[in-house]
Amino acid sequence: MRDRAARANKPQTVGDEFLRFLTFSSVRGVPRLLRARSLGWSVIWAVSVLGFLTVSFYFTIRLVMQFSTYQTVYEIKNEFNSQKAPFPSVTICNLQPFSATLLDRIFASTSPLDNVTADMYNDAFLRLQASSEDFRSLTWKSFFLRNWGRKASEKTGLKFYEFVLNNTCNFTYSSNSKLRSMRCDPTRDVQELFSSRYLTCFMLSPPQNISNSTFSVEMDMYLDTESSLFNRSHLGDESKAALFTLEDSIGAFVMVHTARTYPEGYHGVHVLPGTKSVIEITSVNKEVKLEHFAKDPCTRKLDQDILALYQEIRPFAYKSTICRRLMIQRMIARSCNCTDPNHPVPEELASQGFCGEVSQDAFSSVESVRNAALNATIKKLVCGLKIELSSDPTSSHGETQCPQPCEEISYRTTAYQSLWPPKSNEIDFYRYHIKGNSHLARKFKVYAEASALIDSGRLSEATALLDNLGTDLIRENFLRLHVFRPDIMLTISEEKLQITLEALISQIGGAFSLWAGLTIITTVELMELLYYVAKRVVVSLPGARPATQSDDGAEAAPRKQPEPGGSSDLISGGGGGGFATQTFSKL
Numbered sequence: 001m002r003d004r005a006a007r008a009n010k011p012q013t014v015g016d017e018f019l020r021f022l023t024f025s026s027v028r029g030v031p032r033l034l035r036a037r038s039l040g041w042s043v044i045w046a047v048s049v050l051g052f053l054t055v056s057f058y059f060t061i062r063l064v065m066q067f068s069t070y071q072t073v074y075e076i077k078n079e080f081n082s083q084k085a086p087f088p089s090v091t092i093c094n095l096q097p098f099s100a101t102l103l104d105r106i107f108a109s110t111s112p113l114d115n116v117t118a119d120m121y122n123d124a125f126l127r128l129q130a131s132s133e134d135f136r137s138l139t140w141k142s143f144f145l146r147n148w149g150r151k152a153s154e155k156t157g158l159k160f161y162e163f164v165l166n167n168t169c170n171f172t173y174s175s176n177s178k179l180r181s182m183r184c185d186p187t188r189d190v191q192e193l194f195s196s197r198y199l200t201c202f203m204l205s206p207p208q209n210i211s212n213s214t215f216s217v218e219m220d221m222y223l224d225t226e227s228s229l230f231n232r233s234h235l236g237d238e239s240k241a242a243l244f245t246l247e248d249s250i251g252a253f254v255m256v257h258t259a260r261t262y263p264e265g266y267h268g269v270h271v272l273p274g275t276k277s278v279i280e281i282t283s284v285n286k287e288v289k290l291e292h293f294a295k296d297p298c299t300r301k302l303d304q305d306i307l308a309l310y311q312e313i314r315p316f317a318y319k320s321t322i323c324r325r326l327m328i329q330r331m332i333a334r335s336c337n338c339t340d341p342n343h344p345v346p347e348e349l350a351s352q353g354f355c356g357e358v359s360q361d362a363f364s365s366v367e368s369v370r371n372a373a374l375n376a377t378i379k380k381l382v383c384g385l386k387i388e389l390s391s392d393p394t395s396s397h398g399e400t401q402c403p404q405p406c407e408e409i410s411y412r413t414t415a416y417q418s419l420w421p422p423k424s425n426e427i428d429f430y431r432y433h434i435k436g437n438s439h440l441a442r443k444f445k446v447y448a449e450a451s452a453l454i455d456s457g458r459l460s461e462a463t464a465l466l467d468n469l470g471t472d473l474i475r476e477n478f479l480r481l482h483v484f485r486p487d488i489m490l491t492i493s494e495e496k497l498q499i500t501l502e503a504l505i506s507q508i509g510g511a512f513s514l515w516a517g518l519t520i521i522t523t524v525e526l527m528e529l530l531y532y533v534a535k536r537v538v539v540s541l542p543g544a545r546p547a548t549q550s551d552d553g554a555e556a557a558p559r560k561q562p563e564p565g566g567s568s569d570l571i572s573g574g575g576g577g578g579f580a581t582q583t584f585s586k587l
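The sequence shown begins at 1 in full-length UniProt numbering and counts up one residue at a time.
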């Protein structure tokens, strides 16, 4: 039987191949298994090698699992005077959405249904409210919107030229280290939006070429407050008075949101008439997510098409929360065959009717027909309400359908107000902004008389005229809005992998090298071992071709034939890992 050295030098079996690998392995500690001076030390070396190899695999598995979970960290940096932060969009809504000059048109206009008056609609509304506790929050304005339709509601709501005084809306921006001003262009910079609460709102965004360098937007707004209150006092019938609920207030609602995104509708600032309302953008934060390795998926989708006005589809910048509200709207349309005006409407549902729309049969003189039609309306309202309450925007399905954008900018604001305009400047305000405006001249004609008295030198009479007015028409009907950012500073939170692919490979290599002495060269040794083991197995199969000189990679030593008349004995002995062969002839 050959000794281990001979078997390692010239392997002939699978066991010899493993012996050769252990003898000449570059892995520290493995050759010591064969060269140990006693069986005890062989066991110690075997346990040590296997133990440290197990530790290496344990740390490797931990590293790979941590990498596979995509654990990330945020690297935060501040950029001053950065040109990378666009000025946000500013959406303004009148809290009293009905223009005084158009208020009577709501009820004088032709109803969507034949021979159905506003009072009949009001009766149907009250019956709906009384039918379920779930409908207590349903307002008359919402019911009016659901039944008169989006188109009629938009015609009833304020227009931009009625809400913002001409030539008072201006953007201030920096160009060549100088501050410049640009007047708002209603056809370019203003987007009229449909709103279930305010009928119409207006989103202002600076032009793309100055968006990053814009510092502020300022405008004077007309609220028609006094006239609305006056009209309310003589409305007389319950249906008209129901348009003004305790939830309504005077003033405007202002939302500052990411540029070109559809406004949420609930997060904003209530600004009062008779004030200069300043909204300061205190910080701008940009969050940059990893597109492929982040734990939460993100998307680089740029736009989503939403119904802005009646049959008018506009692209808005992608936002995850709006995407999920669109998803809820599609679920309502699919299950209830109607849409909810409280959610944005996607393009494909532009012609779909609202939940809560009553049919002609709801006003029938036959009670059974009337009740059946009303029950059908209630069924659709309940259907939409259940879907809205049961849907979870934060579910994994929502994250899959509406992932966060890979780059998102958010703004933090603070607001403060002061009385405006000063009493001493009211006549000047009239001359600059009201005089010559046919839409406002009639209502503020007392200031025209006072201005004429002042021009003729009769100052005391003008003062007495305004004092006897008993109210401050200008302060009750106007406000000035100023939205600005003091500097263009951008805080960037960039998501990065806690363990990068390069660091993962380096740490795996370090763990194996430290604990077991394994290197890349060891993989070549393992490949060589597997190659020759496979070859030995194939050769040992029945009918296989025997291994040749070239197959084994070593030339077999020729066997010496004994001389005639004599005999020879081969005695092999070895020491120090070598071979010694002596031939003894019989005397």
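You may find that some hints are simply not true.
[Claimed, not checked] Calculated cross-link-like contacts (lysine to aspartate or glutamate; reagent style EDC-like; alpha-carbon spacing at most 20 Å):
{"no.": "1", "residue 1": "Lys301", "residue 2": "Glu162"}
{"no.": "2", "residue 1": "Lys301", "residue 2": "Glu280"}
{"no.": "3", "residue 1": "Lys276", "residue 2": "Glu357"}
{"no.": "4", "residue 1": "Lys445", "residue 2": "Glu357"}
{"no.": "5", "residue 1": "Lys423", "residue 2": "Glu407"}
{"no.": "6", "residue 1": "Lys301", "residue 2": "Glu75"}
{"no.": "7", "residue 1": "Lys84", "residue 2": "Glu408"}
{"no.": "8", "residue 1": "Lys286", "residue 2": "Glu75"}
{"no.": "9", "residue 1": "Lys445", "residue 2": "Glu75"}
{"no.": "10", "residue 1": "Lys496", "residue 2": "Glu218"}
{"no.": "11", "residue 1": "Lys379", "residue 2": "Glu357"}
{"no.": "12", "residue 1": "Lys380", "residue 2": "Glu162"}
{"no.": "13", "residue 1": "Lys286", "residue 2": "Asp303"}
{"no.": "14", "residue 1": "Lys84", "residue 2": "Glu494"}
{"no.": "15", "residue 1": "Lys84", "residue 2": "Glu449"}
Derived by calculation from the structure, the hints in this document are not laboratory data. The model shown is predicted, which means the values in this text are computed figures rather than measured ones.
- Index of numbered hints that the structure contradicts, given in increasing order: Violated hints: 1, 2, 3, 4, 5, 6, 9, 10, 12, 15; rest satisfied.
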